[in-house]
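K.L.:
Got chain P sorted already, so can you dock chains U, E and G with the ligands onto it with the hints?
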Amino acid sequence: MANMTMIEAVQNALDIMMDRDPSVVVFGEDVGYFGGVFRCTAGLQKKYGRTRCFDTPISELGIVGAGIGMAAAGMKPCVELQFADYMYPAYDQIVSEAARLRYRSAGEFTCPMVVRMPTGGGIFGAQTHSQSPEALFTHVTGLKTVIPSTPEDARGLLMAAIDDPDPVIFLEPKRLYNGPFDGHHERPVVSWKKHDLGAVADDATAIPIGKARIMRLGNEVTVLAYGTMVHVALTAAEETGIDAEIIDLRTLLPLDTETVFGSVRRTGRCVIIHEATLTCGYGAELAALVQEQCFYHLEAPIQRVAGWDTPYPHAQEWFYFPGPKRVGEALRATVEAI
Amino acid sequence: MANMTMIEAVQNALDIMMDRDPSVVVFGEDVGYFGGVFRCTAGLQKKYGRTRCFDTPISELGIVGAGIGMAAAGMKPCVELQFADYMYPAYDQIVSEAARLRYRSAGEFTCPMVVRMPTGGGIFGAQTHSQSPEALFTHVTGLKTVIPSTPEDARGLLMAAIDDPDPVIFLEPKRLYNGPFDGHHERPVVSWKKHDLGAVADDATAIPIGKARIMRLGNEVTVLAYGTMVHVALTAAEETGIDAEIIDLRTLLPLDTETVFGSVRRTGRCVIIHEATLTCGYGAELAALVQEQCFYHLEAPIQRVAGWDTPYPHAQEWFYFPGPKRVGEALRATVEAI
Amino acid sequence: MTTGSKLSLHVPEPDWRPGDTPDFSNVQVPKAGSVRRPEVDEDPEAMRDLAYTIIRVLDRKGRAVGPWAGSLPDEALLTGLRHMMTLRIYDARMMMAQRQGKTSFYMQHLGEEAISCAFQMSLAKGDMNFPTYRQAGLLVAAGYPLTKMMCQVYSNDGDPVRGRQLPVFYSSKEHGFFSISGNLATQYIQAVGWAMASAIRQDDKIAAAWIGDGSTAESDFHAGLVFASTYRAPVVLNIVNNQWAISTFQGIARGGSGTFAARGHGFGLPALRVDGNDYLAVHAVAQWAVERARRNLGPTLVEYVTYRAGGHSTSDDPSAYRPKEESAAWPLGDPILRLKAHLIEKGLWSEDRHTQTEAEITETVVAAQKEAEAIGTLHDGRRPSPRDMFEDVYATMPPHLRRQRQEAGF
Amino acid sequence: MTTGSKLSLHVPEPDWRPGDTPDFSNVQVPKAGSVRRPEVDEDPEAMRDLAYTIIRVLDRKGRAVGPWAGSLPDEALLTGLRHMMTLRIYDARMMMAQRQGKTSFYMQHLGEEAISCAFQMSLAKGDMNFPTYRQAGLLVAAGYPLTKMMCQVYSNDGDPVRGRQLPVFYSSKEHGFFSISGNLATQYIQAVGWAMASAIRQDDKIAAAWIGDGSTAESDFHAGLVFASTYRAPVVLNIVNNQWAISTFQGIARGGSGTFAARGHGFGLPALRVDGNDYLAVHAVAQWAVERARRNLGPTLVEYVTYRAGGHSTSDDPSAYRPKEESAAWPLGDPILRLKAHLIEKGLWSEDRHTQTEAEITETVVAAQKEAEAIGTLHDGRRPSPRDMFEDVYATMPPHLRRQRQEAGF
Ligand SMILES: Cc1ncc(C[n+]2csc(CCOP(=O)(O)OP(=O)(O)O)c2C)c(N)n1
Ligand SMILES: Cc1ncc(C[n+]2csc(CCOP(=O)(O)OP(=O)(O)O)c2C)c(N)n1
Ligand SMILES: [Mg+2]
Ligand SMILES: [Mg+2]
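Residue numbers (the working numbering), protein chains in the order written: chain P, 30 to 367; chain U, 30 to 367; chain E, -14 to 395; chain G, -14 to 395.
Where hints are given, some of them may not hold.
Stated by the list, open to error - Straight-line alpha carbon distances no greater than 27 Å define the calculated DSSO-like cross-link-like pairs of lysine-lysine that follow:
hint: 1; chain 1: E; residue 1: Lys16; chain 2: E; residue 2: Lys(-9)
hint: 2; chain 1: E; residue 1: Lys309; chain 2: U; residue 2: Lys75
hint: 3; chain 1: E; residue 1: Lys16; chain 2: E; residue 2: Lys331
hint: 4; chain 1: G; residue 1: Lys309; chain 2: E; residue 2: Lys(-9)
hint: 5; chain 1: P; residue 1: Lys76; chain 2: G; residue 2: Lys309
hint: 6; chain 1: P; residue 1: Lys76; chain 2: G; residue 2: Lys(-9)
By construction, these hints were calculated from the structure, which means they are not laboratory data.
Excised from the complex, chain P in its bound form (with noise of 0.2 Å):
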């Protein structure tokens, strides 16, 4: 067991996998030769040959686009978008042509892409290096959706991404690129190599796509959270001191409604915390989900902490953030109802 940052186990996933099979190849603005502005794909240019990791213009669509048709040729394209807020461009080739090419061919094209993408705020990257779109995807039939919260989950995860016969969304958490975040902006960072939660196995295994981990058990209340607001949800557990049982998402879809609905059951009682906004966020899925299926065991409303609906303020920022105090008032709020 060693420690690693999250970016050294992206690096890592891409390294492996593209030592594994040649046809995976790592592209997008800025990944060639400096190694993409968060690093991620640092070496692997050096290592893998310019055809293999490679910069590519200004053009998300063209990134995503030209992944489409890579995969289509029966390559495996990794590639990555600076940050998740420039998706936009290549929503209609996500949407359109990734998402539906297996379905409109029957099987005869398809498209084994992986997008990462950097999401989530917390860095003073205000309204366009803040967003979370996960509700974006995962609306989207056809598309996988993955948000890793530690280090082997990024990489165990996107080996598995990468391995997976469909185009798999992969966000990056990049407030947790370098250290858990407890919320607490104000404390310094810890960085993965001194925090328990930064280890990874010796030998590297994919994560399976579809499977949610308890992070922590409880008995009063189920948190349901994914990304950076994992941590803060075990912050807030442990600075209120309710037992609170927190699930790591970790995919978003297909979504693991065994161990969410199982836990509910439970405990009756739920909160869903995301750092996007809050309408037609993906807590809007889960809470319809939650109700529909644990009903009966309900002893409280679910409650949904999120981003305002406001775009992500630049000075405004720790306001903005969902972080553990507003998840602690949900938490007591939501054990305490009757």
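P.N.:
Same frame as chain P, now just chains U, E and G with the ligands:
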């Protein structure tokens, strides 16, 4: 009182607003000389000239992007996207630009633009002429999303949308263009001209955005619907004999929560229907809100009846479309749940 | 410094609208054989003129003339004629089938048959087209079974894409025909990506991208050109300029540039403009571009000048926006008649053989149609199961879809 | 027909990477004054050469020469120098403020000051720029208060956009400066739309679109060109080619075309390439393009050749991907030094006056900074209220946002 089809109603609203306000301009693919593939802009170029109503290159990005520039310059563009399925190339301009302009400039630049698009299936249009992407708009802060179910609403809401100081997504259920559709595809279509709901007032007036309408009073269960599904719901209620209260939301964002919650608290039961795919559809938000706000009044799980989580198929259209049978079953299950 | 003078918006209009008499006498159509044929490795800058002319081989007398003539042997020309005739007869049958309610929708090629039929003859096995809905000639010329095409149009149980797609949205990997998308232009950049993959793997397969005049305005066209130009992808970038995009004349998409081929000049690409109704010219230019790609010399942009003689689709009535006579007045003639005249001129063909072949092909097409209809049509007979609706969303059906399929009762 | 020979992917690389010694001796820099100046209403086709050269006015000795010289009176040149110096000093102060933690992020103009400063001088009141993050010179030259700019950078309570935007994302309608978007290129087509609105209203105002070399690959650039070309919109389409897009050299976006200006040729647009480090040349070309737009002659594409001498932003360290010496070796020199030399050569300026002016400006900038900091910085002092976060999402706050604001406790 006269009757109009929904196409005539849309055309009439555009005509009235163009006549009233020289800053209203209408453009899009085939909307000029020809008057639009659905004829919603018929006659406008002839009446107002080529610089007020014109054809554009096939670039949804360009249509919306140019519209934003015009709106920022003080005009009121009301643009047409030929099918909602083709809004994706414009999505970046809609989300990152139209929706954010007022916010990011603190009100200095604004975007009073309407983006019209035919939505929904039921015309054997297969996956690229049938989609209902409303949830992709309602998740976006800064947009309003409107969808009429009758000619009068289409006219009145479109007039309000054009008057609105912010960008409005105006979804036109194309299956309703010529007459109400109750989901019984095997029966002949009744034209709006011969239908009670096709009546429009002689005095065209705007219908405020943000107000739902109760289409049918009832006590056993509340049905939340919009667009084509309003008529399917009415039919299902009639056919099952269930005393359903049917609410036509008309505006999805901002939602008329007062009407919605008021009804559900009274009936204690709720069924949500839409044509869009289920997962992360707009119904998820409705369910999440209703369970949260009406929790202690709910006597049964909220059910959603929606398009399956597959692309909209061609041959299997009527197995995909959530028709009166499926809606009826959900109504029955919901009122019978104990 | 403002001028005080007023600006005004220029909105291009076609020369004629319904009621007007079209007159193409001022349209410059270069003489057949008059345009030079550069070497495939000539500097693109040096062949700039080829984007502003029209490469033509067949002259008015049906003779093949000039440096672009002779790319195909006689046998192939006879086959080519048969392909085009087959496509036209197939189209006519399917148009009728749609009117008879056997399917929901159809799109024909009337007047544009030469382009896809001839292009396909320049490709090799393993190459891949990324077509639009108006290049079924690629399939016909590749020997794809007509019955299968019809099954797709009927969305019946024989439809290889299980009734999921709109009619004419074929797909056949084996025949180098990429699954058609309803979203215009999206496949242009995908073709470039496919070609890049071939180059990365150091394979020898090339790709062909297809787009209509109107659709060049879409973003994907730009992305395609940018990527093709940067990575020198082995791809032929085709633009079919049939003068119309539904009701919109080509001037709206083209704007101030003289031609669509000229778009390539902004990217340093060789750009050729060719008579799309001249089977021989289309083939010669395609072959030239294919050779360039194959020899790793990079992409070529080709504009095919043609005319959409029919409506946009069965949902369209062109008499609402253009003179009925425009099609007949169009100066490039009919591709089938022109190739036919050439073959007769060469002594390889006759009116009689033509009539006889027409009858033969009709018989074949009708037989195929019977076979397809014996399986079913959109509303009758054996049709894809509703179960199929849930397949192929993913390689493995995830639990939520299994549940939904169950709920749907299949 | 396959060749059996193998394809390979071409991935462009810059000539030099860290460790190499840059040598621009083979870069062709035309002599100042050597490029002709066509009439603004000349046929675009006839000025094709102007996209492959560099229009320059200031020669090595600081003299203004050739047909593009003389677009500005002496007084204006002195003002121009002051604008550029102000921008550079402002940048230096803000870079330092960022390092001191007073804000989160900053982007400077080092080496590119001439472009935005000179361009603004060609506009009239009411015209509108759609800038990127590297054209603050437009604001400086338009007389926008430095303090306000700083308040924006600090996201403090004096920030006109209420702390919502990333530093340097200014907005000022009054100064013809459209709100900056973080999404590259999106504003290009908006500028065209704005210009179309002006033409529809028969106004006399024009728009200017701005984009970086790297961002020309984005779709919005294509949409902008298509719409501008079709409707002959009164807009100047600017491309700032500073050779780099973060770590990516311009060859990746440019691909096989010789220049970015050449992109205009695909659209029949006049396309001019100008020395972006030559204040006089920038102004002369801008004025030419502005006049064209104003006279309803349509859009012009202008490529400014310059060099991003600093890092992309405060988050970037260019020594990781290019030689440190590259900036110094770059052949077009420094825009401030070049204008200064010209003014000295003309007898309008001296080293002393320059030093003195530098000191004066520094004083002004420092005073403005003090004023701004007296209000607050990102983490200190008076800052926009969290309440502000909920404002301006819509003209009128809808009920759900009111509820959320309440829940947030503001
Ligand atoms: C993204 C997108 N926008 C709009 C449409 C609707 N549409 C279908 S065909 C067509 C016209 C295309 O014209 P052109 O590219 O010239 O091809 P042609 O039909 O002439 O072969 C339009 C606007 C679409 N299918 N996709
Ligand atoms: C749509 C989008 N994609 C990616 C980015 C990230 N990004 C910010 S600046 C930049 C480089 C832009 O280079 P260029 O256009 O040459 O402008 P320059 O910075 O050189 O002025 C990139 C890739 C972005 N802001 N928006
Ligand atoms: Mg066309
Ligand atoms: Mg640059």
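K.L.:
Among the hints numbered above, which are violated by the structure, and what are their numbers in rising order?
P.N.:
1 and 4
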